[in-house]
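Asker: Chains A and B, in that order, are what the protein sequence lines are.
Under full-length UniProt numbering, the first residue of the first sequence carries the number 1, and numbering increases by one thereafter.
Under full-length UniProt numbering, the first residue of the second sequence carries the number 1, and numbering increases by one thereafter.
Any given hint could be a false lead.
In silico DSSO-like links for lysine-lysine, alpha-carbon gap of 27 angstroms or less [what the hints assert, rightly or not]:
(1) B:272 to A:73
(2) B:272 to A:196
(3) B:73 to A:209
(4) B:31 to A:73
(5) A:79 to B:209
(6) A:27 to B:31
(7) B:196 to A:31
(8) B:105 to A:403
(9) B:403 to B:272
(10) B:105 to A:235
(11) B:105 to A:73
(12) B:403 to A:105
(13) B:27 to A:196
(14) A:196 to B:403
(15) B:209 to A:105
(16) B:105 to B:88
(17) B:79 to A:209
(18) B:209 to A:73
(19) A:79 to B:196
(20) A:124 to A:145
(21) B:79 to A:73
Hints were generated in silico from the structure; no laboratory data involved.
Protein chains: 2
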Amino acid sequence: MTAEIITIGDEILIGQIVDTNSAYISKELNKIGVSVHQITSIQDEREHILQTLTEASQRADIIIITGGLGPTKDDITKKCLCEFFDDKLVRNDKVLRHIEELFEKYIDTPISDLNRDQALLPSKATALHNEYGTAAGMWFEDQGKVFVSMPGVPYEMRVLMEREVIPGLMRTFSRPVIIHRTVITYGLGESAIAEKIESWEDNLPAEIKLAYLPNLGRVRLRLSARGVDENYLNKLLDTQIDLLHEIIGDIIFGLEDDDSLEVVISKLLVQKEWTLSTAESCTGGRLASNFTREPGSSASFKGSVVCYSTTSKTELLDIPEEIIKKYSVVSAQVAKAMATGARNKFHTDFAISTTGNAGPTKGDSDADLGVVFIGIATPKGVEAYEFNFGNHREKVIGKSVNKAMQLIQESILKIGEEN
Amino acid sequence: MTAEIITIGDEILIGQIVDTNSAYISKELNKIGVSVHQITSIQDEREHILQTLTEASQRADIIIITGGLGPTKDDITKKCLCEFFDDKLVRNDKVLRHIEELFEKYIDTPISDLNRDQALLPSKATALHNEYGTAAGMWFEDQGKVFVSMPGVPYEMRVLMEREVIPGLMRTFSRPVIIHRTVITYGLGESAIAEKIESWEDNLPAEIKLAYLPNLGRVRLRLSARGVDENYLNKLLDTQIDLLHEIIGDIIFGLEDDDSLEVVISKLLVQKEWTLSTAESCTGGRLASNFTREPGSSASFKGSVVCYSTTSKTELLDIPEEIIKKYSVVSAQVAKAMATGARNKFHTDFAISTTGNAGPTKGDSDADLGVVFIGIATPKGVEAYEFNFGNHREKVIGKSVNKAMQLIQESILKIGEEN
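With the rest of the complex left out, here is chain A:
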């Protein structure tokens, strides 16, 4: 069972927005055993849309289209779908009522004919309810294939996927089982790992495919199994991961489940009724925004002081000026004092701190570019760790965030075991 995703909209092709929708859709399709064969981004241009629809429908069973459903003239997806299916637009009264309700409740400007026209849908389409927006989703079935058209607004699209598209696909198709397991490693590069596990890799069962995903200091190894029997595939994967542990167990840090690392950490904290705060210099609030992204995060995450100036470190985190003068602002001592300061100020069990030179210039410190200290304060004390994350700002910040997440997860697990 394969799918293709088509994203329609000039803004992607001139680089004005990043296409986050395709990654989300791919992930959700994969979970139900549908593999994505190709993602194609094209402009709001009639002929190109029609041609892309034709080509995709020759290759895939499911075609998911996003974008181009706005009320304005530049949005032509609906018209193109009509042409593609030799169909015409008809008014959908239920959709019209929903549009009128949204305008009454949430939108300051009066409803216009353009808005009302969003309730005109191709007669062959089943409308999919878009709770958060005025552009309805559309579901077509044609010669055993399913075509879905959704708005490009990410949160509208996601709700449609979750409530309408995924359940609909599960009802319509019987699908193979696809299971991904991702092993997280730290400490060795991609090629060094590849050499160590070469014979393991060569002897993987045919059902399992391996991919290396290096990213800012960690390499994830993704094993994808494909077949018909979920139990059998899970056993195959278990066996292979056990074998992998025998070879490179020292650098394996854990398995990534569907959750992001920040969610994994939040869950660990909530389990133990522990709390976390951060004091961020070089990561500039990136840790805090990671930890606050998910609903319910306030149960374990209490806050952050982002101190981009030396004075804010002394005044907000009570770091003695002498320490900064003596050791410089980028130092193990300051990292420790920051972590301790955050832990005290926010009254949390754990705290992470980061201080470093992300570059491109040196700032308030003599430390080399790329040097970063990460402090971890726990109920058992405080530690600081030194790293050199290289010479590129984005890399330094990204690696600092990843490493800080790793260190805090390790600390929480360790102290959790001891208790």
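Using the hints, position chain B against chain A.
Answerer: Frame of chain A; chain B shown alone:
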């Protein structure tokens, strides 16, 4: 002059990573008058890669490929390019020396044969120097078309684009001029704007194309002009934007240049030698990470207190407990006190605060879901503004960030004019 982008890698098609590279590449190509006709993401799969290369080269003059250049077995782009150009791999000594140097300087593990093999390049390719990584870029010319292959690691790819690919394309092709202008509006929805400017839109000169880009409370109108004479196109755009001002000047907030809004704000601040800090509740550090993303941001941005608990608001920002008790934590009074607190604590000229219920549950306050107060403290005083950003967490946070940026920019501009 048209280009196509091909991104190769299973991780995109199973949704493990978001393809940010294509947006960056599209933007850079657009700046030099190359329009991107299609972006295609495919797996590391020989036949599909070869077929996609063939199809793209039939449609476009420039084919930019990213990904699949790692040292491990799952990366096959180089082999496929050899097959496509009927070529063979030969050792590039300069690339080999660079790989060896990177290992000596930055990489803990010893260099392996797999790493050394990254210096094997197709004989018809010109190597492009990848300063930050071991996978060289490659430049092919074939029947008047240019093919470029780059690693998928974003910061490596960006440096290659900037230093090698863009200059190379400018030398190779004479290109039309493409100019984009983006007008930012706040306060009216997409369709309401479309109705107001309908006759202006219908009468746009043939060289200009209009797109509506709605995003979390603001609608951007992008005018794209295409032709041969830069001066003429600029004049056309000036005239049309003047006309637009006559119709909807009341909701036009400014022109977006190439810089993001946070960079625009930082530049305004640096010009006046002013500084900024934030106190964030519902935005959870998102404002701080926006402001610290760019190099040099510490000149104007001094820090943030992310207070995800009520006690941190009182202790770190000195907000009197009575105010929180009397008005609740989500209130104009608390927003004002937070902004004032940040301004005092970080000794900055301006401060932004956010407090609200992003949902999905209500948290420490009685305020409705979606209610957000944004405080703006300036040398002239402090104001708070109330909004209802609806019922979806991501939307509420995103709209809060956008609105806070708008409000602070307006304040800085206003006080700048008065001075």
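Asker: Decide, hint by hint, whether the structure agrees.
Answerer: Now for the hints, and whether the structure bears them out:
1. Restraint check for residue 272 of chain B and residue 73 of chain A: the C-alpha separation of about 42 angstroms exceeds 27 angstroms, so the hint is violated.
2. Distance hint between residue 272 of chain B and residue 196 of chain A is unfulfilled; the C-alpha atoms sit about 57 angstroms from each other, more than 27 angstroms.
3. A threshold of 27 angstroms between alpha carbons decides the hint, and for residue 73 of chain B with residue 209 of chain A the separation of about 11 angstroms falls inside it, so the pair holds.
4. Proposed proximity of residue 31 of chain B and residue 73 of chain A is supported: the alpha carbons are some 25 angstroms apart, at most 27 angstroms.
5. A distance of roughly 19 angstroms separates the Cα atoms of residue 79 of chain A and residue 209 of chain B; the hinted pair therefore holds under the 27 angstroms criterion.
6. Among the hinted pairs, residue 27 of chain A with residue 31 of chain B is inconsistent with the structure: their alpha-carbon atoms are about 32 angstroms apart, more than 27 angstroms.
7. Using a Cα cut-off of 27 angstroms, the hinted pair residue 196 of chain B and residue 31 of chain A is violated, with the two alpha carbons roughly 45 angstroms apart.
8. For the hint linking residue 105 of chain B to residue 403 of chain A, the alpha-carbon distance of about 20 angstroms falls within 27 angstroms, and the restraint holds.
9. A distance of roughly 23 angstroms separates the Cα atoms of residue 403 of chain B and residue 272 of chain B; the hinted pair therefore holds under the 27 angstroms criterion.
10. Distance check on the hinted pair: residue 105 of chain B and residue 235 of chain A sit about 42 angstroms apart at the alpha-carbon level, beyond 27 angstroms; violated.
11. Our distance criterion of 27 angstroms between C-alpha atoms is broken by residue 105 of chain B and residue 73 of chain A, whose separation comes to about 55 angstroms.
12. Under the criterion of a C-alpha separation no larger than 27 angstroms, the hint pairing residue 403 of chain B with residue 105 of chain A is consistent with the structure, at around 20 angstroms.
13. In summary, the hint linking residue 27 of chain B to residue 196 of chain A is not supported, as the alpha carbons are separated by about 40 angstroms, beyond the 27 angstroms threshold.
14. About 52 angstroms separates the Cα atoms of residue 196 of chain A and residue 403 of chain B, which puts this hinted pair outside 27 angstroms; it is violated.
15. A hinted pair counts as satisfied when its Cα atoms are at most 27 angstroms apart, and residue 209 of chain B with residue 105 of chain A does not qualify at roughly 33 angstroms.
16. At roughly 31 angstroms between alpha-carbon atoms, residue 105 of chain B and residue 88 of chain B are farther apart than 27 angstroms, so this suggested pair is violated.
17. Straight-line distance between C-alpha atoms of residue 79 of chain B and residue 209 of chain A comes to about 19 angstroms, which keeps the hinted pair within the 27 angstroms bound.
18. Using a Cα cut-off of 27 angstroms, the hinted pair residue 209 of chain B and residue 73 of chain A holds, with the two alpha carbons roughly 11 angstroms apart.
19. Proximity of residue 79 of chain A to residue 196 of chain B is assessed by CA-CA distance (about 23 angstroms); at most 27 angstroms being required, the pair is judged to hold.
20. Pair hint residue 124 of chain A plus residue 145 of chain A holds up; C-alpha atoms about 14 angstroms apart against a cutoff of 27 angstroms.
21. Between the alpha carbons of residue 79 of chain B and residue 73 of chain A the distance comes to roughly 45 angstroms, so the proposed pair goes past 27 angstroms and is violated.
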